[in-house]
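One letter stands for each residue in the lines below.
2 protein chains.
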Amino acid sequence: MSGWLAIAGLGPGDDALLTAEVREALAQATDVLGYIPYVARIAPRPGLTLHPSDNREELARARYALALAAGGAQAVIVSSGDPGVFAMASAVFEVLGEREEWLHLDIRVLPGITAMLAAAARAGAPLGHDFCAINLSDNLKPWALIERRLRLAAQADFAMAFYNPRSASRPEGLGRALAVLREACEPERLLVFARAVTTPQEQLITVTLGEATPEMADMRTVVLVGNSATRQVGRFVYTPRRAE
Amino acid sequence: MSGWLAIAGLGPGDDALLTAEVREALAQATDVLGYIPYVARIAPRPGLTLHPSDNREELARARYALALAAGGAQAVIVSSGDPGVFAMASAVFEVLGEREEWLHLDIRVLPGITAMLAAAARAGAPLGHDFCAINLSDNLKPWALIERRLRLAAQADFAMAFYNPRSASRPEGLGRALAVLREACEPERLLVFARAVTTPQEQLITVTLGEATPEMADMRTVVLVGNSATRQVGRFVYTPRRAE
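Chains as they are written, first to last, in the working numbering: chain A, 3 to 246; chain B, 3 to 246.
These aren't lab readings, by the way, just hints derived from the structure by calculation.
Hints may contain errors.
It does not matter which identical chain is used: a pair holds within one copy or between any two.
Computed cross-link-like contacts, EDC-like style, restricted to lysine to aspartate or glutamate with a CA-CA straight-line distance of at most 20 Å [stated by the list, open to error]:
#	residue 1	residue 2
1	Lys-143	Glu-204
2	Lys-143	Glu-246
3	Lys-143	Asp-159
4	Lys-143	Glu-59
5	Lys-143	Glu-213
Remember, predicted model here, so these are calculated numbers, not experimental data.
Go ahead and model the full structure; you've got the sequences and the hints to work with.
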C-alpha cells in the first residue's frame, strides 16, 4: 500500500455541500485527523481510524499525518470549510520541510465550500464585487496588523468577510473591529452575521453598521461587511457588479 | 408545479468538485440557463431545456430565468466556480426588484468551488492568510479604481487573487496591474498563474514578480499573488498562518 495525505475541506456543515472528490478521499482513507468537532462529522467504519485532536494542535496534527502517510497510511486531514482558508493546509506546509522524505509524499489539497461563500449564498450575494477575507483572531498576528488591514480594506471599498470574529478567550476583538469600521464607513453600511450556516443552528442577522454589536457573533459566526454600494432587495443582501 | 430558481456554482471544471446540492438541483431542473461553455457542461436529458447565451448577456439571462420560475419552471442558472464571486448571483439580485411577483419566488444560491480556491489547492496554500479577490476586468468599473485597490491591497500585505486577468478585448490590464505591484512589492514576491484548473488543460506556473509577464495569463487563468511571507516548500507554494 502506498501512503498519501489529503488535506480536505468538509464545507460549512451540511454534507450536501461536500464535493464528490472529498467523499471519495474519505471513502479510501485509513486514517482521518482533525479538530474534534470536524472529525465527529466522519462516520466510523471498519478499517478507518479516527484521530480527533484539540484546537491549537495544528502543527502536531500535521506532523502526525505526514508520519502516518510516510508509513503507508492513506491519511485525510479534515478542516471545516476550505482547508486553504484559515485552516490546515498552511499548517502542513509549515512543517513539510522538516523531513526530506515528507517532501516526496503524495499530498493533495482538496478544496471545500468555505464559510464566507456559504454565508454569502444564504444572504444573497454580498461578496459579488471585489472583497477580502480577514481572520480576526490575534492568536497568530498582532492586533495592530488586523486594525491596519481593516482600515486599508475600508479605504479600498472592499466587501469583507471576518473569520473567527469572537471567541471566549478574545471577546473584545470584534468590538474593536466594529469601532475601526465606524471611523471609516457610513453607519448605513450593511453587515450580515451568519452563524452555523447550513446546520440546524443556522441564523442570519442583517443589520447596519450603526446597529451592529459584538454580541451578534460567537465562535460559529462569520461576519460579512458590504461595500459602499451593497444594498437589499426583498430578503436578500447583494453587492452590485458595477462600481464607479 | 411550483416554480423556483437556483443560482448554482459548477466549480472550476472537474465534475468531481460539484457539491451534492448542485447535482440535486440540476437533476430536478426543467430549465438550465447560463453562458455557453458552462451550459455545455450539463448533460441533456428528456424534460430539460438548455438555454445557453452569450457573455455580457447576464441581466437578460437573469430576467428570463426569473420569468421562467414565475411561470412554474424549475430553473437553474449555472456559473462556473461560485455564483457569488464575479458571477450570476449579483446579476439576478440587480433585476429582482423590477417585478413585485419576482420578490416572492423561491430563490436559492448554491455555492461552488470558486477558481481562486481550486487554484490555491493545486498550488499548496497561497491564500492561507488574509487575502483579497479582485476582478481585473474594467467592463463594470473604472481602471483607476482597480489600481487604487491594488495599491491598498499591497499596503495591507494581503495575498491576492485576480479574476479575469486578461482577455482579447483588454490585453493591457494585467501588465498595468503587474506594474502597480512592482512599485509596491519586492521582486521576489511569489505569483502563481493557474490556468484551467482541474481540467485536462490545467497548467500552473509559479514565478516571482520580477519574472512575471502578462503573456502567462489568458482568459482561463486566475492569478494568485502571495503576501510578503509567502514561500515555497518542495513543489508547493504557501502562506504561513503567522504574521508579524
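These are the hints, each one checked on the structure:
{"no.": "1", "hint": "Lys-143 - Glu-204", "verdict": "neither (29 Å within a copy, 35 Å between copies)"}
{"no.": "2", "hint": "Lys-143 - Glu-246", "verdict": "between (34 Å within a copy, 6 Å between copies)"}
{"no.": "3", "hint": "Lys-143 - Asp-159", "verdict": "between (23 Å within a copy, 13 Å between copies)"}
{"no.": "4", "hint": "Lys-143 - Glu-59", "verdict": "within (17 Å within a copy, 44 Å between copies)"}
{"no.": "5", "hint": "Lys-143 - Glu-213", "verdict": "neither (28 Å within a copy, 30 Å between copies)"}
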